[in-house]
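Visitor: Starting from the known structure of chain Y, fit chain B onto it as the hints suggest.
Residue numbers (this note's numbering), protein chains in the order written: chain Y, 1 to 494; chain B, 1 to 168.
Hints were generated in silico from the structure; no laboratory data involved. All of these numbers come straight from a predicted model, not from anything done at the bench. Beta carbons: idealized from backbone N, C-alpha and C, even for Gly. Heads up, some of the hints might be wrong.
Pair ranges (Cβ atoms, derived) [claimed, not checked]:
{"id": "1", "chain 1": "B", "residue 1": "LYS165", "chain 2": "Y", "residue 2": "ALA430", "range": "45 to 51 Å"}
{"id": "2", "chain 1": "Y", "residue 1": "GLN417", "chain 2": "B", "residue 2": "VAL124", "range": "42 to 48 Å"}
{"id": "3", "chain 1": "B", "residue 1": "MET136", "chain 2": "Y", "residue 2": "ALA169", "range": "23 to 29 Å"}
{"id": "4", "chain 1": "B", "residue 1": "SER150", "chain 2": "Y", "residue 2": "VAL441", "range": "37 to 43 Å"}
{"id": "5", "chain 1": "B", "residue 1": "VAL24", "chain 2": "Y", "residue 2": "VAL441", "range": "50 to 56 Å"}
{"id": "6", "chain 1": "Y", "residue 1": "ALA49", "chain 2": "B", "residue 2": "LYS165", "range": "27 to 33 Å"}
{"id": "7", "chain 1": "Y", "residue 1": "ALA49", "chain 2": "B", "residue 2": "PRO125", "range": "46 to 52 Å"}
{"id": "8", "chain 1": "B", "residue 1": "LEU62", "chain 2": "Y", "residue 2": "ARG275", "range": "40 to 46 Å"}
Listed below are the simulated DSS-like cross-link pairs for lysine-lysine, each with C-alpha atoms no more than 25 Å apart in a straight line [to be verified]:
{"id": "9", "chain 1": "Y", "residue 1": "LYS152", "chain 2": "B", "residue 2": "LYS165"}
{"id": "10", "chain 1": "B", "residue 1": "LYS90", "chain 2": "Y", "residue 2": "LYS152"}
{"id": "11", "chain 1": "B", "residue 1": "LYS132", "chain 2": "Y", "residue 2": "LYS159"}
{"id": "12", "chain 1": "Y", "residue 1": "LYS36", "chain 2": "B", "residue 2": "LYS165"}
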Amino acid sequence: MPTVSSQDVLALAPVAILALGGIALLLSEVFLTSGKRGYQAFLTVLFAATAGLTAFGATPGKVFAGQATADAFSAFVTITVSFGLALAALVSASWLDARGAERGEFYALSLFAASGMSLLGMASDLLVAFVAIEIMSLSTYALAAWMRRGKKPAEAAFKYFILGAFSSALLLYGTSLVFGATGSTLLSDVARGPLQAGGSALLSAGLVLVAAGLAFKVAAVPFHVWTPDVYEGAPTPVTAFMAAGVKTAAFAILARTVLAAYAATGGAADSAFPRVLAVLALLTMLVGNLFAVPQRSVKRMLAYSSIAHAGYLLLGVLAAGLPAVRERALSGVLFYLASYTASAIGAFAVVGALESNGQPGDEPADAWDLERLAGLSRRRPLLAFAMTVFMLSLAGVPPTAGFVAKLLVFQAAVGAQYLALAVVGVLTSALGAYYYLRVVVYMYMRPAAEGEPAGVTSPVLSVALAVAVAAVVVLGIGSEPVASLARAAAAVVR
Amino acid sequence: MADRAELWIFLLFAIPLVIAAAGVVAARNPVNAAMSLVAAFFFLAGIYVLLVAHLVAFLQILVYAGAIMVVFLFVIMLLQLHDQDMQDAKLKAMQWGGIIGASGVLTVVALAIQQAGEIHWKAVPESFGTVKAVGMLLFTQYLLPFEATSLLLLVAIVGAVVVAKQRI
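Same shape as in the complex, but just chain Y (with noise of 0.2 Å):
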C-alpha cells in the first residue's frame, strides 16, 4: 500500500507555495485596513519567485504513487509559469489601479491558476490533470469576469465559462475511455496500450476525446472559436496572464500525454494518432495567421496570434513522436513556451497602457486599434521600443528570443521529417511578420493623430516592460543557458 513520504510533500512545494499566497492574498484583504493596495502585487511577485526557486530544489521522481512527476520538466514548467505570474502581477497592479479595481481577490485567484498550472506541469495521471486543468480554468474564468463594465467582457466570460465546461467534459469522458480501455488513468499505464487486443480501438476513441479536450484549452483549430472574443473581452492584464500560463500548462500536459499516446498506438509518421495532430498543427498554424492579417484591433491581432503560436507549438509536440529527435523538439516546445510567455505578455501590457486615455472609466470603443499606436515612438519612445522588441520576438526576427524559439520547434520539425509542415511554418511566419511589423511601422512611420492620449504607465508597469524587454533579449542572444535547461528536462520525459 503507498504511504505519503517527506518526498511526495516535498515534491509539491511550489503548487503549495503558489496556493498558500492565494490564500495569504485574500487574508490579505480581510485584514486591510487601509485603501493601500500597492503591496498585494509585491506580495504576489514574492510567492511566484518563492515557488520558481523551490521548484529548482526539487528531488526528481515519481511521487504519490506515480499520480505525479516531479523532474526537470515539471520545474521548467513551474519557472516559466511563475515568471509570467509575476510579470503578470506587476502589470496588473498598474492597469487595476488606474481603474480603482485592484483587490487582493484578483492576485489570489492568479496565484491559485498559477498553482494549478503548476500541478499540471507535474501531473503524470489523466485524473490529476483533470484536477488541475479545472483549478487553473476556473481561476481564469473568475478572472476573466473581474471587470463586467460593458457587454463585451459579460459575454466574453460566459462563453469562456461555457465552452472551458464543454471541454472539461470532453477531457472527463476520454478519460473514462482511456480506463475502460487500460484499465488505469496513470499515463505510464496507458503507454503500454490496452488491457486485450480488441480494446484499442476504446483506447484510440478515448485519446482523441482527451486530445480534444486539451486542444480546446490551447486554442489548437477547430477548436479555437472562443479564443478572439474572450481574449479581446477579458481584462487586458488577465489576457496576458491566460495566454503565457495557460499555454505553458496546457502544453506541459498535452506533451506527457501525446507521448504516452505515441507509445500505445505508434508514433511513426504514418499512424493515424501523429497524423491527426499534423492535420492541426497545419490548421492552427494556417487559420491563426491568416485570420490575424486583416485585424485592425491589436488586441484582436494578438489574439490570434496566439492561435498561431499554439500551431507552431503543436508542430514541435508532433515532432516529438520520434523517439530520436524527441529530446530536441520537447526542448524546442519548452524555449518556446518561454520565449512567448516574456513576449506575449509584454505586447499585452502595451496594448493596456494604451487603452486608456488617462481618466477612470474613460474607455473608448476603439481602444485597441491600430490608429491608437500611430505616432507612439514620438510621443512615448520607450513604450514604442519596447513594443518594437515584442513585435520582433513574435515574428521571430533575431535577435529576439521568438527567433531562436521558432528556429529550435522548425529544426525539430525537419529531423522528424515533418518537411511539408516546417516549410507551412516558415512562410506562415513570413506572413506573420507582415502583421507585427505593421503594428511597429504604425508607431515609428505614422504621424499622431490629434489629441490622441499618451496612455496610463506606472513605475511598476515599467519595471514588468523593461524585465520583460531583458528576458526577451537575454533568450534570443544569450539563448545556451536556458536552452540547455530546457534540453535537460526534455531529456527526462520519455
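Guide: Relative to the frame of chain Y, chain B by itself:
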C-alpha cells in the same frame, strides 16, 4: 439464464434512460427538461446498482438528483425563461448542426465498438463499488487528486463570489 435476466433488467433501466435523456434535449420548457434530467439520473442510478456499484448509485441520487437538480430548478425559476426565447432561427440551425455532429460521433463510436469485436473484460474484485473500496482508493492511489480537489473547491467559492459581485 441469469445473463438473460440481467439483460432484461438492464433494458428496463436503459430504455427509459435514453428516452428521458432525449426529453432533456427536446423539451421546450426548461422546467420539463430539468425534470427529465432527474428521471434520467434515477434510471442511471439503477444501472449502477445493476453493476453492484451501490455507493456510486447512492451518490448519484443524493448529489445529482437531489442537490444539483434543486439548484438547477432554482436558477430556472429565478431566470423565468420563456418558451419563445428558444425559437430563434439561429438556434434552429444550431440544432441541425448538433444532430449532424452527434450522429457523426455516434457512427464513429459504433464503428470502434464493432471493430473491437468481442472484448473479454477483466472481472472486477468482489469489493468493487463498496464504500470501503472507494475509500481505500481515495486515500491511497488517488490521494493527490482528492487533496487537490479541496483547492479546486476553494477556487470555485472565491470565483463565484467574484462573479456575483455587482461591480468591482
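Visitor: Now tell me if each hint is right for this structure.
Guide: A quick look at each hint next to the structure:
no., hint, verdict
1, LYS165(B) x ALA430(Y): 45 to 51 Å, "holds (46 Å)"
2, GLN417(Y) x VAL124(B): 42 to 48 Å, "holds (44 Å)"
3, MET136(B) x ALA169(Y): 23 to 29 Å, "holds (28 Å)"
4, SER150(B) x VAL441(Y): 37 to 43 Å, "violated (52 Å)"
5, VAL24(B) x VAL441(Y): 50 to 56 Å, "holds (54 Å)"
6, ALA49(Y) x LYS165(B): 27 to 33 Å, "holds (30 Å)"
7, ALA49(Y) x PRO125(B): 46 to 52 Å, "holds (48 Å)"
8, LEU62(B) x ARG275(Y): 40 to 46 Å, "holds (45 Å)"
9, LYS152(Y) x LYS165(B), "holds (17 Å)"
10, LYS90(B) x LYS152(Y), "holds (20 Å)"
11, LYS132(B) x LYS159(Y), "violated (41 Å)"
12, LYS36(Y) x LYS165(B), "holds (21 Å)"
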